[in-house]
Amino acid sequence: MAYLEARGVSKSFGKKKVLDGLTLELERGECVVIFGPSGVGKTVLLRIIAGVLDADAGEVWIDGRSVTDVGPESRGVAMAFQNFALYPHMDAFENIASPLRARRLPEEEIRKRVQDIAGLLRIDHVLDHLPRQLSNGQKQRTSLARSLVHGPAVLMLDDPLRNVDAKIRYEMRLELPRVFRKFGSTVLYVTQDYKEALALGNRIGVLLDGRFEQIDSPQAVYGNPVNRRVASLFGDPPINLFPIRASRGADGAVTAAIGGHPLSLGAARDRLAGKECVLGVRPEDVALSFEPTGNGIPVELAAVTPFNVRTVTLLKTADATEILASRPEDHSLASARGHRRCWASIDLDRALFFDSRTGARL
Amino acid sequence: MATLTLDHVSKVYTQKGLPPTRAVNDFSLAIEDGEIIGLVGSSGCGKTSTLRMIAGFESITGGEIRVGDRTINRLKAAERNVAMAFEGYALYPPLRVSDNIAFSLLRNRMPKAKANERVRMIAELLEITDILDLYPPHLSGGQQQRVSLARALVRDADVFLLDEPMSQLEPHLRAKLRARIKEYLIEHRMTSVFVTHDQTEAMALADRIAVMSEGVLQQFGSPTDLKERPSNLFVASFIGEPPMNILKGRVGADGSARRVEVEGESGRAAFSIPLPARNHVPELGAGRRVQVGLRPHKLIVGGGSPDAPPVRGTVLSNQWLGDQTYVGIEVGGCVILAVAERQVQAAVDSETSLGIDYAALHLFDEESGVALLHGADLLPAGSGARGHGSETGRG
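Going down the list, the protein sequences come from chains E and U.
The first sequence lines up with residues 1 to 362 when you count with the numbering used here.
The second sequence lines up with residues 1001 to 1395 when you count with the numbering used here.
So here's chain U without its partners, still in its complex pose (with noise of 0.2 Å):
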């Protein structure tokens, strides 16, 4: 219940004998009163260094992390008001299930009739009223989590931070779960923080996700920002799933339009997608190699329009999922998943035609992996989704 900033945070682990490591690097977060964070990236890109740097269990080399105007990274981690949830759970093994949750309200001298109150109340929000009599032990591990997550949520903090906060959750209730906690974070007004290795589970829960690599920022920004207008390469194939269709190509040019010839597998020329002669076409010069970046769901199979120019390919694979259905397309040796919203009508070793909609395209420079385009600007105002308030941080 306050703002929390990062301020050129850094993290470098010394050890005898061994070259210093940077596990984060100049690392600045600017997070606002109320708002639901989510740390991604991969394992040992510095996320969870960073948690436990504003949780206060690991010191920083650099910079500064301030809660509100108050600066918290000399304070002892009890005297920074941090609640937080440890991936390991980290239970009291000797303490009931409702007394692990109800221990750090007790400790600050809360009633004991109003800490039951909001143990009741975090449990049945968690659905775990029915083990608060039992001991951590005697778990699951789905439970423990869940348990983890109460004794965390219950507190009155100005911060509250998660670590892999969902991976062990019952996946009947994940989504049910999820849901309820985005809702509890939202009406309390709980500034949070939370590192996944899930792009999935900060999607659905974050207002805003850092993406991180090797200790650096790549994005910051939200779940629509990320998915429509990733800063480079990195975050464009981390985020979304089924994940974007990478392939490589180059820029063609006739004149003055240009268009993206993209190649197969083998280096030959598999198809083109010509771009639209419009004046906010960013500069491409002809020539250039680049990564050509493909979100399966916006492309359209068996359509085709000006803003979606189809390009011709062959069924490999029709395969309906429930509530949506991938579609296999081999164009030019190139295969290329699309995601469709309902059953398609599209025989296997059939030919269809792919409609590439701008919306669908990205491309990136080949060496950098910065972005150089997103297709939905290729779009007439008004037609594409605008990003906003996207921080970029450096590639």
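Chain E extracted, bound-state conformation (with noise of 0.2 Å):
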């Protein structure tokens, strides 16, 4: 049995179904991340988790007891939300500590708890001071030490990185993961940024019309999606679908047309053969060339945009197709205006095939 379960969990709003008898579960010192476009539920799930909101129908298990009908304070979880506010009045120190006075901890105890959690979030250096002297990344800090100081089971972190600016959400990307691992918490992280579910979950429930679509790993949501969908929430520029009629040819092998050019799907796509369905192809699978290659696409360059770290151009194809298409940083493109003859090369090993009409994985 998980360490924690969510089992059957339905709620409406009134007539608007908001979960639909989802079910997850996590293992002790898991990290999941609860990913999904605003609106899908993801808070009121945590919420039901927590105690703090009941579902209509549904059982939560925790550490092998049901605590569907027991109190918040008495699951044994902590809730830290969006806004992290500190006491203005308390110093880091006692912000930290506050949880444990509650619990009329020995002050030697307190001391050590607290001294100990600052190292690892890097603001041992800082327990003297007062909200207003800290920092932003240092007060988001403070909040999260007080969140985890308690050693809660469960710990559920709704979109804490929400509103921080660039340079602290990057820093704590890195360092959470790691404070999670020390503590050894369970955690339950909601996010609609598929970048911070990738880098922070070692899994992620992909929550769509109150279920989950997919609960997988990083590599598995990104590279092998259950469906269309799931594909589609995953990746900036996201993937390239083609609507595609694969066909047998003469030689016996399966092909499909891409903007007008006919492409061999390779003998193990032997089953697509006369049907309908969509091609998908993640940006980055696919390689761009100036010279004539095998099975490239004949192609104009449209447009170069730097995006980040990365390259991304709009190639398209003599029927107009659009296709995208994404490198590392390079500047040799860079100032490239007007078109320009190139050739798309997709690397159909890493493709997916949807069914045109249900979306599901073929």
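Among the hints, erroneous ones may be present.
Selected chain E positions facing chain U (in silico; Cβ < 7 Å) [as the list claims (entries may be wrong)]:
#1 K167
#2 Y222
#3 A302
#4 A303
Because the hints were derived from the structure by calculation, they are not lab data.
For glycine and all other residues, C-beta sits at the position ideal for the given N, C-alpha and C.
Dock the two chains into a complex; use the hints.
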């Protein structure tokens, strides 16, 4: 039995069914990210597990006992929200110590626990500072330390990095996994940022329409998505989707046309013959060449848009099909203006095929 | 479809009982015909005031604005032949989307058939053909923004001004529309200036970018210039995602050889980076306090070479993000983010080397933030990227 389980949880608000009998299991010490666009009920699920909201149906189990009818204070969970408010009149030490004081722990124990967590979060040199003397990053760390200090069995974080500036967001993304690990916390983490989900989750639950479409490792949700919707939620620029009709040629090979250009899909795609489907290709799996290549699709280079540490190109085929390609930062392309002839090669080993009607993986 | 020149332009806001606010200070920019320019900076830096002065919605306090040879700063907005897309969209609610887009074409007496054709074309580009018959109040924010963009881009104007043009675009459309708009602006040789708070958007779209802070131009250069040759610490930390690692340090000396001694948060020495003894190393006085910038994607996890001196560190985290990998490495108490192109074999808590490629290294004066050294200049000629055509403002 898993350490934390939500079984068959449903919740409606009026006529709107937000959660529809979903199930989630977490092992002890695991960080599971609940990921999905805004309004899919991620926070609602978190609040039901924390016990601050009742489900219409379903059960919550923690460490082998049902806590469905147990109040939030007795579930052994801690919850932190988007805004981490600190007590302005207390220094960082007292802010962090406050949950321990509420539990009337001995002074010696409090001192040790606060020092430990402060060291881990690199705020041990500012413990005597008041919140107004702390930088924004230090405030963020102080409030995180406060939610971790009493060693909650389950830590729930609701989009904690949403409203912080980029520098702090990157710092915290790097450091949170180590903090979770050192504390052995079982973590439920909500975000609508796919990069944060990939960065932090041991597993990611993709929540859509009140159910988990897929609960899997970062590698699996990105590289082996169960359907087209999941595939489209991960990646920026997003996955290219080409409607195709696979057919068997005279030589027996299964081929399909992209942008009017026939491509051999290889022997492994035999089962696709005769099917209408959608071919999904991630931009980083499209290679761009200025010389003709064996299986390259002739295209025009329509625009070059540098994108963070990568360079994204928009390619157009003769029939105006658009292909987005992405490669590591390439300054040689950066100043390119106007159309240029080139060839796009799709890495078909990494391509994904979806049913054109249901969107399911084929 | 003309040059645009801002010549020592200033804007001072005066309000009764308050000291005057200098929103834009002696700002000069020479924009070439058909060039795409991004104005970036944090909120309140004067970028939107600048755009509104070009459009004619704000008067200028000093200086001159010219389109081609024509001085426009005394003309009314409507007389400037400048098209603008507003951040708040400002669509006409009683007009259908198609009529909103066609409005200024028909006002300028374009034949109806030709106007319709233009509307159809821009609607396809911005994926709004299915909403052409709707009224603005029925549209989502992202759709309204696309209509507002269409209404500006469809026009024949000398200069196109776009205020936060893509802030509300739907994430799944953003990359494609950005590229399509760039293609369209280039193809039609449209001189354009857009304002954005999002440097990622500016880097994607612009030929050159003007970085502003507190009303003053910090640097005007190509995306490559800004990334590889930032003129000061403000530009260096504003441009680039993930942001540049910024650490404190000082210049150390061993005879004539120089090294950069980096300090941890507590002030203790964390690690040092030897600088090669080459002629073109600028004079850096021993003991000088500096801010040390390291570009994440130029650092080499598990690597090292004469042009990328290695330091030893502990892997804090190794996060694969699909098309890149973020690796957090602790070196002597400093946390450094490195970005690799692919998945990296570096187990958390294990020891690794981190190659500080000179191309990743930038030094800034501790007090003024002015750039002292771009590490790419330390590389043997021909191997490093060289900047060109960068104009540096007063930092």
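Hint check results:
no. : hint : verdict
1   : K167 : 6 Å, holds
2   : Y222 : 5 Å, holds
3   : A302 : 5 Å, holds
4   : A303 : 4 Å, holds
Hint compliance for this structure: every hint is met.
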